[in-house]
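Participant: Residues per chain are reported as follows:
There are 2 protein chains.
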Amino acid sequence: MKRTSARLADGREIIYFDALDSAPDRRIEDTRDLGPVSTASEIRYDAALDEWVAIASHRQGRTHLPPTDECPLCPSRGDHRTEVPADDYDVVVFENRFPSFSSGAVPLDPAPVQHELFARRPGVGRCEVVCFTSDHDSPISTLPPEHVRLVVEAWVDRTCELSLLPHVEQVFCFENRGEEIGVTLGHPHGQIYAYPFVTPRTRRMLDSARLHRERTWRNLFADLLAAELADGSRIVATSEHWVAFVPAAARWPVEVHVYPRRQVPDLPALHEAERDDFARIYLEVLGAMDNLYGLPLPYISAWHQAPVRIDRELAYLHLEVFSVKRAANKLKYLAGSESGMGVFINDVTPEQAAQALRAAAKPA
Amino acid sequence: MKRTSARLADGREIIYFDALDSAPDRRIEDTRDLGPVSTASEIRYDAALDEWVAIASHRQGRTHLPPTDECPLCPSRGDHRTEVPADDYDVVVFENRFPSFSSGAVPLDPAPVQHELFARRPGVGRCEVVCFTSDHDSPISTLPPEHVRLVVEAWVDRTCELSLLPHVEQVFCFENRGEEIGVTLGHPHGQIYAYPFVTPRTRRMLDSARLHRERTWRNLFADLLAAELADGSRIVATSEHWVAFVPAAARWPVEVHVYPRRQVPDLPALHEAERDDFARIYLEVLGAMDNLYGLPLPYISAWHQAPVRIDRELAYLHLEVFSVKRAANKLKYLAGSESGMGVFINDVTPEQAAQALRAAAKPA
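Sequence order for the protein chains is A and B.
Count along the first sequence from 1, add 637, and you get the number used in my numbering.
Count along the second sequence from 1, add 637, and you get the number used in my numbering.
In short, the hints are calculated from the structure, not lab data.
Owing to the predicted nature of the structure, the values given are computational and were not obtained by experimental measurement.
Be aware that one or more of the hints could be misleading.
Chain copies aren't distinguished; within one or between two, either way the pair holds.
[Claimed, not checked] Once the Cα atoms are required to be at most 20 Å apart in a straight line, the calculated SDA-like pairs of lysine to any residue come out as:
1) Lys639 x Ser876
2) Lys967 x Pro703
3) Lys967 x His695
4) Lys999 x Asp716
Only chain A is shown next, with the shape it has when bound in the complex (with noise of 0.2 Å):
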């Protein structure tokens, strides 16, 4: 593998990852005339459900699905000068434009908090793009397990460098897939956030482990794929490092957490033939997913990874995928007693579901 960084026009640093060390010097010149990257985000604390809350105002105007053929994630090539300056790559990660969390925040209003109950922080951290192909119509649930194993190398890359930042607190590797999920642009891509805090998701979990392993010595997360595998009504498919199931309490139509049979915290732990088997199980579960209903499924794809400080020892590093579509033609809506309540009602069962979704990793 060759490993190349560099500098975009606004000074935002761009890494290649190329499968080969023989690849072509990655190193071209961006030569657009691009304004500063606007960075004038903030957190504030939500003291009523103790939570940090982004603040980023400069987004609004980002780029909302602009034609294939001004796509600013392909290859630059000819006149059409895009993010990427090289005129190919296997692998590619960059700097958001339009970040939530970045190494330049400052606060948006330089007054002080008026209230102790009010607590606002800049929203520092970073915000990354992650192309997973330099071909805009391959999503990566079609491309080779070899090339999906330089996207994971491209992750733990980035998980140990960003790991680094000044008050990262935990890494974020994700994947948004489909208009239906507000997807703006259409080449195969996933994002990294570098959060200045440990989201309010994760913290939960770790709470929960916490107890668990006050009360019974053992790993929550282990325990609750030793009790999967042993039920085994929700597995979708198994590897020898991995397991993909459907967990008993599912919260949407379609979700899979895909967990390796072996603790570790984050994704730089893997072995590496626990790398290269991801790549595989991960294309078995996106197979499925597409053949679920017979089209492209949106999805959300969600590395869960233990914070970068603290707690690193009761957390299990898994990915959750999951989908917002309950039938061929239906979504499933976030409304009242989801959003405002957090209770969710699922119309699926998850035995359902995981029958479904092994029936569809079955070929035809």
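Keeping the supplied structure of chain A fixed, place chain B upon it in accordance with the hints.
Facilitator: Only chain B this time, still in chain A's reference frame:
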């Protein structure tokens, strides 16, 4: 006010709330041939997040955007038999035919729980529909204050009655409006969920309030309200008994919280004058929201009431109204950061949102 209780053909309860004691007798027989109500819902415990999730697979077949002349929430007139047997009504409430929670709930699967980590219970509770008016084309934002006042009375009545049901721990009155958030019926209506547990968001808010009380001897929500009034920059509207403001850490591009000036646990605890006054400020808030982009705003309107049994002195009744519309033609989606990690990214500053709503509240 006149209150009339009756039964639908399948045994579900229906309750009419008429403004005038002289209203016609609403006890009209429901002549439809209805099968039994399906109630096969259950709740499952998510041990990782320490939350209950409802599994209600019978709801997949529920009614989806019928044409207006088949609206099941209009009064029954001529050959058009609806969920409301009477030929007119002011406000009417009835049990949902596709409930997520119901008194008849039995576990989907009679097998005992296989593992202590997979706790399951029947989805007991109750789900009701509240028709705000018999006029299909008059959203609540266009009703006269006296009529909204009658809706308040219906919420109070239902909160009292549902709180007495076995296992009910929290009563949630809410309205989902707009196809953008998945509303399947166009008739102006809200819903009431009587949950068999204290909901996750309420639990977190009460936990915050408990800590705040231990530290300060004061109520968290009363302090937040006082701080918003002292700051002033996010106030949208005030009246003798109520204050409407955009919270300092708003999650949604349009989000307004409406608090009574006096700390009360729930709707039944409001005085007559507070109930009257609410109708006026609510219409002012909804009017501002509709004026904001010059089109009826899709929104979720959610009453936060104290749990039925516990922590009632920590709670503070209030309404949270929020919208997914971040511009006239753009929606806020809950993607990876929100759905995966629980971190909201708001593209609009709360101060800008409050300013826009204040301007929109004024007659043009």
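Participant: Report the numbers of all earlier hints that the structure fails to satisfy, in ascending order.
Facilitator: 1 and 4
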